[in-house]
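Asker: If you want the building blocks of each chain, they are given just below.
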Amino acid sequence: MSGDSRTVEAPTRVVVLRARGFRNLAPLTFEPGPHFNVIHGDNGAGKSNLLEAIHYLGALKSFRGAKREDLIGLDCDTALLDATLSGGAAPHQLRIELGRSERRRLQLDQKRPRSSSVWHQTVQMVLFHPGDLVLAAGAPDRRRAFLDRILEQIDPIYGSTLASYEKALRSRNRLLKEESINRRSVRAYDAILSKAGAVVGTARARLVDDLAPRVTRAFEEVFAGDTPLGVRYLPRVEPTEEVIVQALESSFEKDCKRGFTADGPHGDDVELRLHDVGARHHGSQGQHRTIVLALKTAELDLLTERIGRVPILLLDDVSSELDRSRNRRFFEVLSHAGGQVFLTTTHPEFILLENDRVDFQVEGGRVTR
Amino acid sequence: MAPNDPIATLIALLSRLPGVGERTAARLAFHVLEGDAQYAQSLGKALSTIHDDVTRCEMCGNYGAESQCAICKDPRRDESIICVVAKVPDLIALEALGSFRGRYHVLHGLLAPLDGVGPDQLPLDALERRIREDGVKEIIVATPLNVEGEATALYVADTLGSSPVRVSRIAAGVPHGGELEFTDQVTLGRALEDRRSL
Chain A
36 MSGDSRTVEA
46 PTRVVVLRAR
56 GFRNLAPLTF
66 EPGPHFNVIH
76 GDNGAGKSNL
86 LEAIHYLGAL
96 KSFRGAKRED
106 LIGLDCDTAL
116 LDATLSGGAA
126 PHQLRIELGR
136 SERRRLQLDQ
146 KRPRSSSVWH
156 QTVQMVLFHP
166 GDLVLAAGAP
176 DRRRAFLDRI
186 LEQIDPIYGS
196 TLASYEKALR
206 SRNRLLKEES
216 INRRSVRAYD
226 AILSKAGAVV
236 GTARARLVDD
246 LAPRVTRAFE
256 EVFAGDTPLG
266 VRYLPRVEPT
276 EEVIVQALES
286 SFEKDCKRGF
296 TADGPHGDDV
306 ELRLHDVGAR
316 HHGSQGQHRT
326 IVLALKTAEL
336 DLLTERIGRV
346 PILLLDDVSS
356 ELDRSRNRRF
366 FEVLSHAGGQ
376 VFLTTTHPEF
386 ILLENDRVDF
396 QVEGGRVTR
Chain B
30 MAPNDPIATL
40 IALLSRLPGV
50 GERTAARLAF
60 HVLEGDAQYA
70 QSLGKALSTI
80 HDDVTRCEMC
90 GNYGAESQCA
100 ICKDPRRDES
110 IICVVAKVPD
120 LIALEALGSF
130 RGRYHVLHGL
140 LAPLDGVGPD
150 QLPLDALERR
160 IREDGVKEII
170 VATPLNVEGE
180 ATALYVADTL
190 GSSPVRVSRI
200 AAGVPHGGEL
210 EFTDQVTLGR
220 ALEDRRSL
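Going line by line, the protein sequences match chains A and B.
Letter by letter, the first sequence follows residues 36 to 404 of our numbering.
Letter by letter, the second sequence follows residues 30 to 227 of our numbering.
This is chain A alone, in the form it adopts within the complex (with noise of 0.2 Å):
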């Protein structure tokens, strides 16, 4: 994508994970290699398990949304994962242990981590998976997600920052609720409401500057896109203070009506183009495969210009989803960009790709290479 990437650094990279009592993954060794590893294996083999605990070191929490105890083996008290990664000035040591009844337990290079920034901005990832789809199909909150995750990788506190604006939108929403609304209770999170709200809307809106041009070039390039592709930020009422203190006061009556707040950035939404008309209803379904693709091929582009180095690009049961030719400048621009990639497929013959390549056989839980 970007020829004159700024990499100053090593692309991430997973030198060895090590996993106990994960799902349903009989205890492991993985020692994956540093450009693309296929796994494959039956359904319900156990790949994408594997992906996930890959993809937890980063965004220490499930991509389907599994809760802590699924994730720990049926006959396991805890889950460890463990692992070494490359990149950056030194190697870094991640340890997490998820418990039953406690807490769930980090460690980075021997120390706890003084937040899950930290963490976040130790560890990059890049994730795309069948579930996806809804970026581009799916309601708004899906792609406000998309850019909050890429936020928290690059901005050390706009977690933080997107955490106090939803406590306080709860806050509020359970408060419009009751019987009798106390007017002055209300007002008390107005305040902070406008004061996070237009951190995360401005953030979010800048983000989307940077990234549309990517998006709209990876679509046209690699996945030849047919028609143009727009990408603009939606945002429901201009991102600054003084707006959204007034947008919260002047609908304060309609709030009260409906039960929850309507304005502010939990509002927003990423506008998707096809030439005129909007993807969401109007694209079909291939067009909306290829443009999570184009979103995601933007995001690795972006994080990799802003980190510094390539983050580690997760990739389940992508490209039996891609035509050959796609398929093929697919894997030709991330083989560019350098970084380590994981693919999960049952038809590994689909993986077009012939250099650089090291092969895992997942069967009943069990990785072999």
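Just so you know, not all the hints are guaranteed correct.
To be verified - In silico EDC-like pairs for lysine to aspartate or glutamate, Cα to Cα no more than 20 Å straight-line:
{"no.": "1", "chain 1": "B", "residue 1": "K102", "chain 2": "B", "residue 2": "D144"}
{"no.": "2", "chain 1": "A", "residue 1": "K212", "chain 2": "B", "residue 2": "D154"}
{"no.": "3", "chain 1": "B", "residue 1": "K116", "chain 2": "B", "residue 2": "D82"}
{"no.": "4", "chain 1": "A", "residue 1": "K212", "chain 2": "B", "residue 2": "D82"}
{"no.": "5", "chain 1": "A", "residue 1": "K146", "chain 2": "A", "residue 2": "E104"}
{"no.": "6", "chain 1": "A", "residue 1": "K146", "chain 2": "B", "residue 2": "E162"}
{"no.": "7", "chain 1": "A", "residue 1": "K212", "chain 2": "A", "residue 2": "D117"}
{"no.": "8", "chain 1": "A", "residue 1": "K230", "chain 2": "B", "residue 2": "D223"}
{"no.": "9", "chain 1": "A", "residue 1": "K202", "chain 2": "B", "residue 2": "D144"}
{"no.": "10", "chain 1": "A", "residue 1": "K146", "chain 2": "B", "residue 2": "E87"}
{"no.": "11", "chain 1": "A", "residue 1": "K202", "chain 2": "A", "residue 2": "E66"}
{"no.": "12", "chain 1": "B", "residue 1": "K166", "chain 2": "B", "residue 2": "E108"}
{"no.": "13", "chain 1": "B", "residue 1": "K102", "chain 2": "B", "residue 2": "E87"}
{"no.": "14", "chain 1": "A", "residue 1": "K96", "chain 2": "A", "residue 2": "D77"}
{"no.": "15", "chain 1": "B", "residue 1": "K166", "chain 2": "B", "residue 2": "D187"}
{"no.": "16", "chain 1": "A", "residue 1": "K230", "chain 2": "A", "residue 2": "E284"}
{"no.": "17", "chain 1": "B", "residue 1": "K116", "chain 2": "B", "residue 2": "E162"}
{"no.": "18", "chain 1": "A", "residue 1": "K230", "chain 2": "B", "residue 2": "D187"}
{"no.": "19", "chain 1": "A", "residue 1": "K230", "chain 2": "B", "residue 2": "E222"}
Don't read these hints as lab results, they were simulated from the structure.
All values reported here derive from a predicted model rather than from experimental measurement.
Use these hints to put chain B onto chain A, whose structure you have.
Answerer: For chain B alone, coordinates are given in the frame of chain A:
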């Protein structure tokens, strides 16, 4: 666990304390059991009488042995300035400074609609009464700098908006002696935002 097993009962009771898990509770229980019996008795006595021996101050909500706490009784304390805190440990931290010579008002909680805590559960009427009756000139809101603490501070400020009292909020920023490079980024961002002119 066998019924009426005194060790198991002690462990179960201890593990209900905040920050104490099953394993720590067991360690503490065996420490008490295997240690000096005198100590165990003193601990037991202190625990059993704490609710009777300690009461909330009628004025400010601080803990004390009598209906008025030592701070409210002290005539040298400035009654025109009240520092509002969420809980008694916060008051103790401020007292340890030694530089604040006003009085306190302990809320014993913060506004938290998600946990069902509304303004009626906080002693805000009592605060307003003190302002009316005691010639209070300034309120310093020293609630924590999180969503609940901020919402409570804003609520208090809004409630007192019509009274002539001055309402201020404690500053947020870099700790004293703190190197900027070692300050967490949320604090640093906030310190920059709340900068003051020199």
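Asker: Does each hint hold? Answer for all of them.
Answerer: Going through the hints against the structure:
| no. | hint | in the structure |
| --- | --- | --- |
| 1 | B:K102 with B:D144 | violated, 34 Å |
| 2 | A:K212 with B:D154 | violated, 24 Å |
| 3 | B:K116 with B:D82 | holds, 19 Å |
| 4 | A:K212 with B:D82 | violated, 42 Å |
| 5 | A:K146 with A:E104 | violated, 24 Å |
| 6 | A:K146 with B:E162 | violated, 53 Å |
| 7 | A:K212 with A:D117 | violated, 45 Å |
| 8 | A:K230 with B:D223 | holds, 13 Å |
| 9 | A:K202 with B:D144 | holds, 12 Å |
| 10 | A:K146 with B:E87 | violated, 46 Å |
| 11 | A:K202 with A:E66 | violated, 40 Å |
| 12 | B:K166 with B:E108 | holds, 9 Å |
| 13 | B:K102 with B:E87 | holds, 11 Å |
| 14 | A:K96 with A:D77 | violated, 24 Å |
| 15 | B:K166 with B:D187 | holds, 16 Å |
| 16 | A:K230 with A:E284 | holds, 14 Å |
| 17 | B:K116 with B:E162 | violated, 23 Å |
| 18 | A:K230 with B:D187 | holds, 17 Å |
| 19 | A:K230 with B:E222 | holds, 11 Å |
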